[in-house]
Each structure stands twice: as structure tokens, then as C-alpha cells.
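Student: Hints in hand, dock the two standalone chains.
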Amino acid sequence: MPKLEELRDAYNEARALCDKRIIVCAGTGCIANGSMKVFEALKNAIALSGLEVTVSLKSHDPKEHKHHDVYMIGSGCQGFCQVGPLVTIEPAGIMYGHVKPTDAEEIVAQSIVKDEVIERLLYHDPVSGTAYKGPGEIPFYVRQQRTGLKDCGRIDPSNISEYIAHGGYFSARDAFMKYDAEALCNLYKESGLRGRGGGGFLTGLKWDFARKENNEKKYVVCNGDEGDPGAFMDRSILEGNPHSVIEGMMIAAKAIGANEGYVYVRMEYPLACSRIREAIATAEEYGILGDHVFGSKESFHINVMEGAGAFVCGEETALIASIEGKRGMPSPKPPFPAQKGLFGKPTVINNVETLALVPIVMQKGVEDFRKVGSAKSPGTKTFALTGHVANTGLIEVPFGTTIREIVFEIGGGVFDKDGKINNDAFKAVQIGGPSGGCLTREHLDLPLDFDSLGSIGAMVGSGGMVVMNDSTCMVETARYFMTFTQHESCGKCVPCREGTRQMLEILEDITKGEADEESLELLQEAGEAVKITSLCGLGKSAPNPVLSTLRYFRDEYEAHVKAKYCPTKTCKALSPISIDPTLCRGCTLCKRVCPVGAISGEVKKPHVIDPMVCIKCGACIATCKFKAIS
Amino acid sequence: MSAEYAAAHSFNKVIDILDRFDRSEAKIIPILQAVQEEYRYLPQEVLTFIATSLRISPARLFGVATFYSHFSLEPKGKHIIKMCDGTACHVRGSSAVIDAIRNKLNLSDKKITTDDMMFTFETVSCLGACGLAPVLVVDDEVHGQITAEQALELISNIEEKEKENA
Numbered sequence: 005m006p007k008l009e010e011l012r013d014a015y016n017e018a019r020a021l022c023d024k025r026i027i028v029c030a031g032t033g034c035i036a037n038g039s040m041k042v043f044e045a046l047k048n049a050i051a052l053s054g055l056e057v058t059v060s061l062k063s064h065d066p067k068e069h070k071h072h073d074v075y076m077i078g079s080g081c082q083g084f085c086q087v088g089p090l091v092t093i094e095p096a097g098i099m100y101g102h103v104k105p106t107d108a109e110e111i112v113a114q115s116i117v118k119d120e121v122i123e124r125l126l127y128h129d130p131v132s133g134t135a136y137k138g139p140g141e142i143p144f145y146v147r148q149q150r151t152g153l154k155d156c157g158r159i160d161p162s163n164i165s166e167y168i169a170h171g172g173y174f175s176a177r178d179a180f181m182k183y184d185a186e187a188l189c190n191l192y193k194e195s196g197l198r199g200r201g202g203g204g205f206l207t208g209l210k211w212d213f214a215r216k217e218n219n220e221k222k223y224v225v226c227n228g229d230e231g232d233p234g235a236f237m238d239r240s241i242l243e244g245n246p247h248s249v250i251e252g253m254m255i256a257a258k259a260i261g262a263n264e265g266y267v268y269v270r271m272e273y274p275l276a277c278s279r280i281r282e283a284i285a286t287a288e289e290y291g292i293l294g295d296h297v298f299g300s301k302e303s304f305h306i307n308v309m310e311g312a313g314a315f316v317c318g319e320e321t322a323l324i325a326s327i328e329g330k331r332g333m334p335s336p337k338p339p340f341p342a343q344k345g346l347f348g349k350p351t352v353i354n355n356v357e358t359l360a361l362v363p364i365v366m367q368k369g370v371e372d373f374r375k376v377g378s379a380k381s382p383g384t385k386t387f388a389l390t391g392h393v394a395n396t397g398l399i400e401v402p403f404g405t406t407i408r409e410i411v412f413e414i415g416g417g418v419f420d421k422d423g424k425i426n427n428d429a430f431k432a433v434q435i436g437g438p439s440g441g442c443l444t445r446e447h448l449d450l451p452l453d454f455d456s457l458g459s460i461g462a463m464v465g466s467g468g469m470v471v472m473n474d475s476t477c478m479v480e481t482a483r484y485f486m487t488f489t490q491h492e493s494c495g496k497c498v499p500c501r502e503g504t505r506q507m508l509e510i511l512e513d514i515t516k517g518e519a520d521e522e523s524l525e526l527l528q529e530a531g532e533a534v535k536i537t538s539l540c541g542l543g544k545s546a547p548n549p550v551l552s553t554l555r556y557f558r559d560e561y562e563a564h565v566k567a568k569y570c571p572t573k574t575c576k577a578l579s580p581i582s583i584d585p586t587l588c589r590g591c592t593l594c595k596r597v598c599p600v601g602a603i604s605g606e607v608k609k610p611h612v613i614d615p616m617v618c619i620k621c622g623a624c625i626a627t628c629k630f631k632a633i634s
Numbered sequence: 270m271s272a273e274y275a276a277a278h279s280f281n282k283v284i285d286i287l288d289r290f291d292r293s294e295a296k297i298i299p300i301l302q303a304v305q306e307e308y309r310y311l312p313q314e315v316l317t318f319i320a321t322s323l324r325i326s327p328a329r330l331f332g333v334a335t336f337y338s339h340f341s342l343e344p345k346g347k348h349i350i351k352m353c354d355g356t357a358c359h360v361r362g363s364s365a366v367i368d369a370i371r372n373k374l375n376l377s378d379k380k381i382t383t384d385d386m387m388f389t390f391e392t393v394s395c396l397g398a399c400g401l402a403p404v405l406v407v408d409d410e411v412h413g414q415i416t417a418e419q420a421l422e423l424i425s426n427i428e429e430k431e432k433e434n435a
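Taken in order, these protein sequences are the chains called Z and Y. With the first letter of the first sequence counted as 1, position 426 gets the number 430 in the working numbering; the numbers rise by one all the way through. With the first letter of the second sequence counted as 1, position 56 gets the number 325 in the working numbering; the numbers rise by one all the way through.
Chain Y extracted, bound-state conformation (with noise of 0.2 Å):
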């Protein structure tokens, strides 16, 4: 696949992160990290055009983006709402927090992401912010010592905002 032809398919971007990494193997992860920053995930033809790139073979590279749980393979929700379930915001009651997120957006720890797309709702092991457990962060803002009102609150208060704003 030349450059003119990858440019011409918009893949601009991605050729930019694989220079700015001297398209090196050693630097997959990084490429990663940068094409999931750019896209909001990874999408099935940019990992075959990086592997095509880096000259490995696209299962090599779908080895590594599946093994990290950062990587997703699925596009997520416009907003991203991760709970902590580490230990610290389990035994303070982050359970209920879950369960209560999870039955208002229908979701389960099978389906993540709501069908119109506007919410994704994942737990993560820890944040390292166990002082004020449990955690909530909804679209990068931590919330601290959350309950499941406050959490409920807060999903509708953008679920109204978007209303707002369609």
C-alpha cells in the first residue's frame, strides 16, 4: 500500500503516528496509544494498514491490542463513564454503584456501550485514588466517595444536556 494511496483513504493521521515513531515494532504499543487517542478506538483496517506499515503480520499486532485492556476494538460511546472497582472502592460499596449504572443504561458486563452510543460504562481495577473511594469518572472528572443517587444524577444531568443540544 503506497503513502498516496493510504493518503488518499484518510489514513493522514495514522501515517504521522507511525513516523512519529520511526514506524519501530519495539513501539507498537505507543502507536497504539496514539491511533486509540486519534479514532476513540481501533478500527479493524487501521490495524491492518500499521501492521502492513511496521511489515509484521496483522495477527502479531492483533495479538498486542487485544492482550492490553486499554485497546478496544469497538467504538465506545461519545461519553465514557468508568467505575473503580479496586479493592479500597469495593469494600466501600462500589457494587451498588455498578448495578445501579448498569439498570439505568441497560447495560450489562457483556455490553458496554448503550445503542445510541452515547454512553459507555466500563469498571477499571484502580485509579490510585483510593482515599476517596468509591470513584466515579465520567468523561475524565473524578468523582469522589460517590453513591448511586449521585451517580444516577449525573447521567441524567448529560443525558438532559444532550437533549439541549439535538
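Okay, chain Z solo, but in the shape it has when bound (with noise of 0.2 Å):
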């Protein structure tokens, strides 16, 4: 049997020998950006200033304990991928962003040897220009309230020593031995623990229904198919804490009596798969997993399976067929899996996100959870803040946030077309995705939990949060979203399969000016009709995006189907014809040619053409002699 303290103890000791640390972020965007060149580019750096560095920390036997000057890790996705490759100096609390292999020598001379910093590199405010020494001070980190991500970038996920260090795996340990199932599944209704994938049910109610099956055979599953355009927590926990999720699943089958458990992480994320599969093999060695846990009579196996593409393997019956080597089509609920899930067997299907709360619940106690976020979604939440905002990232705050406090502190502000800063810029957040649907203005100071959102047609989803500024077409984000369910649609329910495909069109009709006013209450009639009568969550939730700019941007949906004009002019086919005045001479010969009179204008002073007029007969263009015209 594992022995958790003696383990943590050990680390803590090898760790202090360590007089500074530095951590290189080895998340997929960071790499992307050259970061593990810049790993390698700092380890020789260090050796060559003759100081003595390690890049893996051998803690478990005392007599190899040693002192280092420098331990390197290179850890999970820290969040701030925008000024990515991130590299944070330990002690000094120093991150230094947009690192470049070059900079590797000047890092070392400076930060490590010294402890002096490097101004260049350090983050500046983009719009005051001052610079933050690191997280401690950085508003992007200062005004989250980083829980399940809290180690995320922090530690070495590879390092499984790291992690128990950290407090993990103790709940897990006291889930198998101080806890019956039953203790567990109240213990987590209690929380008001909710599934951070989407759906918002309460985790310890889904336990309770599959504890209570009476059945030899049960699975926990973990639900990594992320396949929301915009989200990216799963991929990151995945890459940056994998131990957070094993432990999570175990504690989920304690509480329901699993003694198997599957992985389905989507095969676009080749790091968060290798890492999940590494981090299992650890678990086994260690005799935290296997057939005895924690040296108890109770077994528990995890296996991995890679998703081949389906967004509608989110869905969990459409999951459970996957895994199961089937096409990935859902099924009518009920049977719920809880009674009759994976190989006929009862199963519990979490996120990524939940499961990594899971074991912190236990940890905080019930109550210290609940003091977090609003009194009926408790905790914290994980978005992923991207678009249109100066700060691109994963960030984790409290329910009950307010957008303003996300967009314009956190994210730091909107980018104007010019790519300025410039908050009048903005115009709504799309949240959750090709699910979700699109707040504006007036949602702004609107708390975010499950209900709020729910109440006003959109849904916490997954946590993509996509920004928009004034130069983005709401209708033209519409069809993308449907393009994108309808591609996805699995085709089992008709609703979904051909109301998508109508709803599509529409929309498409719109963004190509051949549709008319009748149009758009044909779409919200589609909407309503395909929101109710589909099968699964996929079909259920894809009107979500076209219903919502319905609502708080009709003016612009008639716009392109009364004056056949896109007012961001997005939509090609509806961008106005215009006259250059720099170019116009006055001629007054388009005016004459205009069949609707749509130009106006005084002999030898530039024309106007009034667009809400025009219909784009393409007359004047043809008369201009002066190309003035386009």
C-alpha cells in the first residue's frame, strides 16, 4: 500500500534542496509557439553558467536526496496563451512572456544567477503599458479564482510525486477507506457539485441513481470528447493535471461501486491522450490503481479510448456507443445510463472539468466548497476566453461573475476592427458554443451561473466565450454555428437531421440576400420546432445560437432581409455599393441612371448612394466614368 505522507514527505524534502524553479509552460499552445525549444535552449544556459540543474526530480529515496541549484519542469497549460511560451522563475514569483530561445542566456544571467528581471520580457498592459512582474500581480491571474486549474501550470504533470505533494490522492485514499458509498454519494449531493460539461446536473444525484442499481458490473466514465469550437479546459486539465481526473474517477466509483473506468479524449489532442495514458501507468505502479486500491480488496482499471471525430460523442448515449465500437449515434433516454449504460452495464459519465473537482470537494469540505460562487451553482468555473478580447486564455472564476468583470478586467478589454482597445468595440459574447447563444451589452452586469444563462436562452455549455466586436455579423456567426451542427448532426432524429439542413438554408438565403421578411419567422418556427422535438442535447441545443440573435439582434437580421444590407458588411453579397468621394466628380450621371433614386448629391460635389435604397442593379458602376464607384 502507497503511503501517501511518506511520499509527500519525501518530495517536500528533495524540493527544498532546489534553490529556484524554473517552469516552461508545455501546453499545446505554448508548444505550438517553440516553448520546448526554449526548454532546451534555458537547460543549457544553466549548464553553461556552471550551474547544476535537473529536469526530473528523484525524491522517493532519502540518500539520492541532493541539492540543485536549478530544477526545470516544463508543466501544463498555465492559461495565458496569448503571450505564450511562458516561462516562470520560483521563488521570485518572475513570468516572462513570448520567450524566445535566444532570450535563454539572458534569462539565466539575469533571473537565475542573479535575481534581477528582464523588463522586455515581463507582460505589459496593453493599453497602459505597465509591466507585471508575474501572477501575483498580473490582472489576467489576479482577478480569477483559479480551483480546479490551481495546480494546472503549476506542477509537473508527469511527475506523479508532484502531485500527491500538492494534497492529491488523499481523497481518493480516504473515499476507499473511511467512506461508504452511499456517505460519498450524500457527501456530493451536499456540495451541490454540478456537471461542468454542459447540463448542469447535480453529480452526486447522477452517482446516487447508479449506485442504487443493483449490479456486478459498473463503469465511471470520463467524457474528454470536447468537441465545442472554442473550448480547450478538457484538453488542458488533461495535459496539465492528469491525476486530478484519476482521482476524481476513483472517488466516482467508490460512490457507485465501479471497478472499471474509461477515458474518451478526442484524437485532435495527441498530448492530453499520451499524458492521461502516462499518468495511469504511474497511478498502477504506484498501487493506487489496479486490483487493490490502496492495498484494499477493491479493484479499479482505467483504460483510454481516442474519439475518431464526432462532436455528437459528447453526447453521452453517442459516447457509450463509441466506445463501444459502434457508429456514435445517441439513444432515447430512458434507460439512463445510470441503469443501463456502457455494455448494457450502469455507468456514470463526468467531464474532464467535474472530475477534477471532484477530489478539491473533499479536500475543502462541503462547506468551505459552497462559500464559492452562487447559492444554487456553487464553486468555480472554468471559461475559455477567446476572440475578440486583448487577453486570450483559460480563466477560472466564481459562478456569479459578471461578463464585465470577465471581458473588460480579466480579458482586459475589446479590440476595435484596428485592432485598438477600444470597449465601445464590443458588441456580445457567444457563450457555449455551437450550444449556446450570444449575450450583449445589456447582459453585461448579468452574474453567470447555470440558471441566469438558462433563463435568457443561453447555457454555461462547455465555457467557450468567443468575444465579438461591432465589426462582426451576428447573422453570418448564426450560419457558422449551423454549418457546423448541421455538419455534425448525426442524422438519427429527423428533427435534428433535416430541420438543421432547413434552418441552414435559411440562413444562408439571408446572408445572400434572397431572403425576405416571411424568412425569418420561418427560421424561429424551424428553431422552436427542432429545440423541442430532438432526440439528444446536440439537436435540443443547436437552434440555441440562431434563437438567441434572433432575439437581441433582429434589427440586424432585417437589416439583410428588408434593405438586403449587412451592416458590419460581413455578408459579401449585401455589402452597399459605394461611391469614393476622392474619386467622384460630381457628374450627376449615376444619379440619372438610378432607377430607384437611391443617389443623391449637388452638381460637382461627391454622390451618396443610400443603401437602404439601392438595389444593387449595378448601373451606376457601369456608368461611372471615373471608376468612382464599387
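Calculated directly from the structure, the hints in this document are not laboratory data. Do not rely on the hints blindly, as some may be mistaken.
To be verified - Keeping only pairs whose Cα atoms sit at most 20 Å apart, straight-line, the calculated SDA-like set for lysine to any residue is:
id, chain 1, residue 1, chain 2, residue 2
1, Y, K379, Y, S279
2, Z, K330, Y, I381
3, Z, K330, Y, Y337
4, Z, K24, Z, D119
Every value quoted in this text rests on a predicted model; they were computed, and no experiment measured them.
Tutor: Next comes the structure, spelled out in C-alpha cells:
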């Protein structure tokens, strides 16, 4: 039986012998920006400077403990992908961004050998230009409350001792040693922990349904099929802190009486797949997973399954079909997976982020956990903040935080179409991806939680949060999401298969200027029908982006169908014809040929076209001798 | 079809893969993934061979192979270019890059591989690197905050290298 206390203490002792620690972000984003080259360059530069560096701390055997000048690790995603590759130096708490391999020597000379800060590599506020030393000061981090992500980007995901030293696996051990299944379910019901994958169902209640099923074989499945474009928290957790997911699965397994688990990961996330595989193998080696969990009579094994590219597999019944080697099509509920799931056995399916929070709930205790967030949505939620916002990345905030705080404070403000920070350019936040809706300026102060978002036609969904400025066409955005869901519809039920196609065709007509006002009514009606009658969550939520934009940006839709005009000039067919005032000589020829009288202007002065009247016949373009009209 | 016959027709690698996954019907997806890794696509005769080995109908196997977008029944080009068209990439201008690449390689959303089998260009819905949007992946190397010009330059570089090697 592994003694967690011994492993923890041994690690802490070995760690205390290291003077400094360099953390290079090795998440997908930073690796894409070349962080591994930075890692190698730093390692070489340290060696050249005569300091002693280790990249794998051996802590098990106290006899091997020795002094190191620098302990270097590659961490999981630190969240601030925008300024990657990120390099953090502890204990000074310095964070450098956009680090290049050529910066390595300077970093070692200034910040490792000496304790000085290199100003130019620090994060600078895009508006004020103020430099911030590190995560302890950067507004992006300071205003967050990182809980599930706390150790993501701080620990070495491939070193189990580090996870244990941060309190890891103690909760799972308690679950197996001190609790029975019913008590565990009750604890999680009381905590109010709700599923972070979208629906927001009470985790403890879901477990309790599966627990009550009388069956020798039960399964715990971790849903890491993060197909929602614009969300990447599951990837980051699997890459950055895979042991937390394993521990969450172990607690779930004990709570329902399961002895086998599956982690279902998208194949688009190769790094997440390899990290979780490696973590499972290590946990087995330590006797944490396996035939005798923590030396007990109970067993728990975890398999990893890579998805093959189907968004609908995020739906739990479709995910089950996929693990069984079938086409990933959903099936009607009931029976619920808790009754009849994987291979016909009672199955609990939890999302990655939910599972990562499970051990934390036990660590903190129910009361402490409920102190954060709102009464019905306790705790924190991770959002992937992207789009037209200064600081993109992964953030974690308590439920009840407002969009204003997220976009303008943590996000650092909105980009306008010229790439400058201008908060007046804010138009909308699309939340929850293809299943969610758009929030507008009027929702800036709405406290975000499961229920408040549901009440305005959006949903937390997986937590993708895409900020859009006023150069974004909402009709085009709705069309974009509909293209996605239509393409990903599995085709099993008619409302989703045919309904999404009809909706997409109407939206295409609108963006091409081939629709009339009646189309909007038809679109609304079709959307509501698909929402009510579809078989699974994909279809039920597919109309959300359309319905919510119809609700909040009706004038934009009307401009497309009535005036045949795209206010943001995004839809090419509906971008108005205009006269270049620098080329126009005021010859009035165009005014005379215009069949609808859309052109006005005095002789020898530049003319203008009224886009609301213009029918885009092109007569003026053909007539103009100065090529002033386009 | 006997194992000897199969071996004679160089299905050895497929047989290894089937054995690795216990010839289990539940493991169809990992089997197809491994086969695609080997052949870069799923050749029809290999699919028929797998179906026979697993004692399932070819239709069942084709059903799975055509359902998931990762599986390709058509051979792919030597260089695979993927443009992310997830939400974050879309609002940050992936469409312009997609148009430029298709234009250069004479491809469309239907025709994704060049006639000389040099390039396959596809769009994917999200690579999870939204902080770097828009994102282009050229032969597994990720390029963030890409512009149309940079994308075309990357392709030109590959074309030049191929010409030198030819």
C-alpha cells in the first residue's frame, strides 16, 4: 500500500534542496509557439553558466536527495496562451512571456544567477503599458480564482510525487478507506457540485442513481470529447493535471461501486491522450490504481479511448455507442446510462472538469466549497476566453461573476476592427459554443451561472466564451454555428437531420440577400421545432445560437432581409455599393441612371448612395467614367 | 481467408493490429485508427479483410468508417494541411486563409487533395489552441496567428523543397 504521507514528505524534502525552479509551459498552445526549444535553450544556458540543473527530481529515496541550483519542469497549460511561450521562475514569482530560445542566456544571467528582472520580457498591459512581474500581479491572474486549474501549469504533470505533495490522492484514499458508497453520494449531493460539461446536473445525484442499481459490473466514464469549438479547458486539465482526473474517477468509482473506467479523449488532442495514458500507468505502478486500490480488496482499472472526430460523441449515449465500437449515435433516454449504459451496465459519465473538481470538494469540505459561487451553482467555472479580446486564454472564476468583469478586467478589454483596445466596440459574447447563445451589452452585469444563463436562452455549455466586436455580423455567426451543427448532426432523428438543414438553408439565403421577411418567422418556427423535438442534446441545443441572435439582434436580421444590407459588410452579397468621394467629380450621371433614386448629391460635389434604397442593380457602376463606384 | 493467404498478400501489418486489439468487435475504432496510421487512409480491401476477420458484415465496418470524420476512405496527399475553423479562429479571420490556400492549390471543400497527391487541405472544427487563433497545422506542426500570406509562404516552401528533392 502506498504511503502518501511518506511520498509527500520525501518530495518536499528533495524539493527544499533546490534553490530555484523554472517552469516552462508545455501546453499545446505554448509548444506551438516553440516552448520546447526554449526549454532546451534554458537547460543548456544553465549548464554553461556552471550551475547544476535537474529536470527530473528523484525524491523517493532520501539517500538520493541532493542540492540542485535549478529544478526545471515543463508544465501543463498555464492559461495565458496569448503571451506564450511562458517561463515562470520561482520563488521570485517572475513570469516572462513571448520567450525565444535566444533569450535563454540573458534569463539565466539576470534572473537565475542574479535575482534581477528583465523588464522587456515581462507582461505589459496593452493599454497602459504597465509592466507586471508575475502571476501574483498580472490582472489576468489576480482577478481569477483558480481552483480546478490551480495546479495546472504549476506542477509537472508527469511527476506523481508532485501531485501527491500538493495534497493529491489523499481524497481518493479517504473515499476508499473512510466512506461507504452512500455517504459519498450524500457528501457530493450536499456540496451542490454540478456537471461542468454543459447540462449542470447534480453530480452526487447522478452517482446515487447508479449506486442504487444492483449490478456486479458498473463503469465510470470520463467525457473528454471536447468538441465544442472555442473551448479547451478539458484539454488543458488532461495535459496539465491528469492525476486530478484519475482521482476524481476513483472517488466516483467508489461512490457507485464500479471497478472499471474509461477516459474518452478527442484524437485532436494527442498530448492530452499521451499524458493521461502516462499518468494511469504511473498510478498503477504506485498501487493507487489496479487490483488492490490503496491495498484494499477493491479494484479499479482505467482504459483510454481516443475518439475519431464526431462532435455528437460528447452526448453521453453517443459516447457509449462509440466506446462499444459502433457509430456514435445517441439513443433515447430512459433508460439512462446510470441504469443501462456502457455494455448494458450502469454507467456514470462525468466531464473532465467536473472530475478534476471532485477531489477538491473533499479536500476543502462541503462548507468551504459552497462558500464560493452562487447558492444554486456553487464553486468555480473554467471559461475559454477567446475572440476579439486583449488577453485570450483559460480562466477560472466563481459562478456569479459578471461578463463585464471577465471581458473588461480579466480579458483586458475588447479589440476594435483596427486592433486597438476600445471597449465601446464590444458587441456580444457567444457563450457555450454551438449549443449556447449570445449575450449582449445589456447582459454585461448579469451574474453568470447555470440558471441565469438558461433564463436568457444561453447555456454555460462547456464554457467556450468568444468575444465579438462590432465588426462581427451576427447573422453570419449564426450561419457559422448552424453549418457546424448541421455537419455534425448524426442523422438519426428527423428534426435534427432535416431541421438543421432547413435552418442552414434559410440562413444562407439571408446572408446571400435571397430571403424575405417571412424567412425570419420561418427560421424562428423551425428553430423552436428542432429544439423541442430532437432526440439528443445536440439537436435540442442546435437552434440556440440562431434563436438568441434573432432575439437580441433582430434589427440586424431585418437589415439583411428588408434593406438587403449587411451592417458590418461581412456578407459579401449584401455589402452596399458606395461612391469614393475622392474620385467622384459630381457629374450626376449615376444619379440619373439609378432606377430607384438611391443616389443624391449636388453638381460637382461627391454623391452618396442610400444603401436602404439601393437594389444593387449595378447601373451606376457601369455608367461612372471615373471608376468611383464599387 | 486464411492467415497464410493474407500474409502472402501483405496483410501482415493488419493482422498484427487485429491481434493487438484481441480481434474484438468493441475495438473497431482503435483498430481502424491503427490501420489508418499505417496506410494513411482505409483502403477498401483492407476494410473487407478486417470485417471478415472480426466476423462482422462489411456494411457494419463501413458504417463506422464513414461515420467518424477522422477516417478517410480516399488516399491523402504527402503533406497534410489543416486549418482550424473553430469559433475563435473563425471570428479572427480563418475564412480568408482558407480561401487563399484553396485558391493556391486549386482545391475546394469537395476536392481536398491535389492531383499530384502532394497536398491535402482540410478544415477542422477546433484544435483547442484558441488562444493562438487562427491556427494552421502543416504536417503536425502548429502555426498560430497565421495570415494568408504566411500560409501561402509555408506552402511555397514545401513546394520548393519537393522540387529540390525531385
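Student: If a hint holds in the structure, say so; if it doesn't, say that too.
Tutor: Cross-check of the supplied hints:
no.: 1; hint: K379(Y) - S279(Y); result: violated (32 Å)
no.: 2; hint: K330(Z) - I381(Y); result: violated (27 Å)
no.: 3; hint: K330(Z) - Y337(Y); result: holds (10 Å)
no.: 4; hint: K24(Z) - D119(Z); result: holds (11 Å)
The structure fails to meet hints 1 and 2 from the earlier list, while all remaining hints are met.
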